[in-house]
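This is what each chain is made of:
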Amino acid sequence: MSALTERQRAILIAAALLVACTLPFVLSGFRLFQFTQVFIYAIAILGLNILTGYNGQISLGHGAFYAIGAYTAAIMMDRWGVPYALTIPVAAVLCLGAGFLFGIPALRLEGLYLALATFALGLAAPQVFKYFEHWTGGSMGLVLTKPGAPFGLPLTPDQWLYFFSLAFLIAGFVLAKNLLGGRPGRALVAIRDHHIAAEAMGVNTALYKSLAFGVSAAYTGVAGALSAVAVAFVAPDSFQIFLSITFLVGVVIGGLASIEGAIFGALFIQFVPNWAQDISKAAPWAIYGIFLIVFMYAMPRGIAGALNALGARVSRALAKPPSGGA
Amino acid sequence: MEILIQQVLSGLATGGIYGALALALVMIYQSTDVVNFSQGEMAMFSTYLCWSMINAGMPYWGAFFCTLAVSFAGGIAIQRLIIQPVQNAPVLAIVIVTVALLVIFNSVAGWLYSYIQKPFPSPFPEKPLKFGNIVFGAHDLGMIGVTMVVLAMLYGFFRFTPLGLVMRAAAQNPVSSRLCGIRVGRMLAFGWGLAAMVGSVAGMMVAPIVFLDPNMMGGIMIYAFASATLGGMSSPIGAVLGGFIVGVIENLVGTYVKFIGTELKFTVALALILVVLTFMPSGLFGRSEVKRV
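Sequence order for the protein chains is B and U. Just so you know, this note's numbering puts 166 at position 166 of the first sequence, and the rest follows in order with no gaps. Each number in this note's numbering corresponds to the 1-based position in the second sequence with 326 added.
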């Protein structure tokens, strides 16, 4: 699918990793935290993209799974004193289960109806968390302590959390690459493109669709748990319906059905609102909306798709002269 | 007993609003297969326009009808400029575009009018009406009345006027209609205009109760969605009846089921939507769709 050769791709990835590893020693404080947040968003966007981009199931309520992940981590740390690193796998498993369960009624819903049901889920989630005050601290939320670097590593807590999130992001990418590049990925895409044909070819659509929901929710839940650890604060108001829409914005801008698009999407939803905020408090959302519409018309495959097309052009241009081409 | 009657009546009042918005959703869904996620925000924006006109010194009913006209024109413009180009795109693209409209309207309203709640006048007298022991707000009654008038007018329009007939034809069978010389695209835009108008009535009627602010429609929309799914997305009458049923259920559950109260209102709507969609996806009054493979 990609226009780049394996070697070019490996070089690009190595370069990106090198940049990612030098950043925490160049930036500090809030800027660094923003990049940690980018990684966390990227994991959530990757999760939503598995469901929406690859499997064609629309979710306008993924903020709910993010919230489940965040509260899982926060409650375990705050109420039971569990070390933060252990809370993240638990959040993944819980969200996998929750997503799988929500995926079962979702099987009967197609397209618009699923969008409606998940929209309702996204709206309802903050209320539910507010309601179970005994566990979640109600609208006051839970305040956590930021963990420092383990094993006596010479890193500040911010630097450590940066690498901690980066590690999860890389693991998430590798997992997604293997999952989507193989048989399950082909099954998901086949269901998206023509579910009846897929079923006729022997794909277990029900199982794959609910699994896609579960895996997608697990990714988002891990992101939520990481954000609870990194922000050290969880409250229902951070999980309003607009969070779910933010993820959708990230998926569309980054590129539907593209793994690396998650990074671009995350960069967009982290940094664009920041400078838009200078214009007005409401401006980020107006800009999100306009970008969504423009992207749907002009770049339906997002930044990743546009870059791929550009890459293909460049390598074709390079390949033309007989001496050129890598 | 009196409490019960009172709760049922005020449930019917808010139910009328849900029904009106659900009707707007269904009108658009039937003719174009689009669920307009921005319906509520469009209504909210119309209500702000009305507020501006009243603030500029216009009498209530003058502003009311001006708002209807502006909303109608706005609905047509949105369909022509923004929805038309993605009309035949996959569902995902359409959902994304209407969600984009939702956030745009929400933020532009916040930008222009700030996020501070504003009181909105009611055209009905403040003095509550008394029937025996039951006290009933005049605004609640007025709301039910206005909803009924809107419904009757829409029904009359679609049932008895040539334009209504043409619009129904365009929605039901676009290809044949076009062969008969009906401007289908124009009729669909007209449908969006009407839906925006119905939505703006709902917004102006509910604003005196919930106060005017850019996020006022969030909670109302989820109930409108629940009403539309309960009544059946393919049935306009079902949507309205669904609205009344949902309004009454909301009030009764809020009063009598202690652990729910008002704090889990959205969750009730979510549960309702999920149950209806799972066990009777075409709703109470809808037809099930048959698709050719």
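No lab work stands behind these hints: they were computed from the structure. This one's a predicted model, so the numbers in the text were calculated from it and none came from an experiment. Heads up, some of the hints might be wrong.
[Claimed, not checked] Facing chain U, from chain B, some residues (calculated, C-beta under 7 Å):
1) Ile58
2) Leu107
3) Arg108
4) Phe132
5) Trp135
6) Phe271
7) Trp275
8) Ile279
9) Ala282
10) Gly289
11) Leu292
12) Met299
Just so it is clear, CB atoms sit at the ideal spot from N, CA and C, and this is done for glycine as well.
Verification of the supplied hints:
1. Taking 7 Å as the C-beta cut-off, the interface hint given for B:Ile58 holds, the closest approach to chain U being about 6 Å.
2. A distance limit of 7 Å between C-beta atoms decides the matter here; for B:Leu107 the minimum to chain U is near 9 Å, and the interface restraint is violated.
3. Checking B:Arg108 against chain U: minimum C-beta separation of about 6 Å stays under 7 Å; hint holds.
4. A cut of 7 Å between beta carbons decides the hint on B:Phe132: the least distance to chain U is about 10 Å, and the hint is violated.
5. Taking 7 Å as the C-beta contact cut-off toward chain U, the hint placing B:Trp135 at the interface is violated, the least distance being around 15 Å.
6. With 7 Å as the threshold, the beta carbon of B:Phe271 stays out of range of chain U, its nearest partner Cβ sitting at about 18 Å, so the hint is violated.
7. The beta carbon of B:Trp275 is not positioned within 7 Å of any beta carbon in chain U (closest approach about 15 Å), and the interface hint is therefore violated.
8. Against a cut-off of 7 Å between C-beta atoms, the interface hint on B:Ile279 is violated, since the closest Cβ of chain U lies about 9 Å away.
9. Contact between B:Ala282 and chain U, as hinted, is supported at the beta carbon level, the nearest pair being about 4 Å apart and thus within 7 Å.
10. With its C-beta approaching chain U no nearer than about 4 Å, B:Gly289 sits inside the 7 Å limit, and its interface hint holds.
11. Given the 7 Å rule on beta carbons, the hint for B:Leu292 holds: about 4 Å separates it from the nearest Cβ of chain U.
12. A distance limit of 7 Å between C-beta atoms decides the matter here; for B:Met299 the minimum to chain U is near 12 Å, and the interface restraint is violated.
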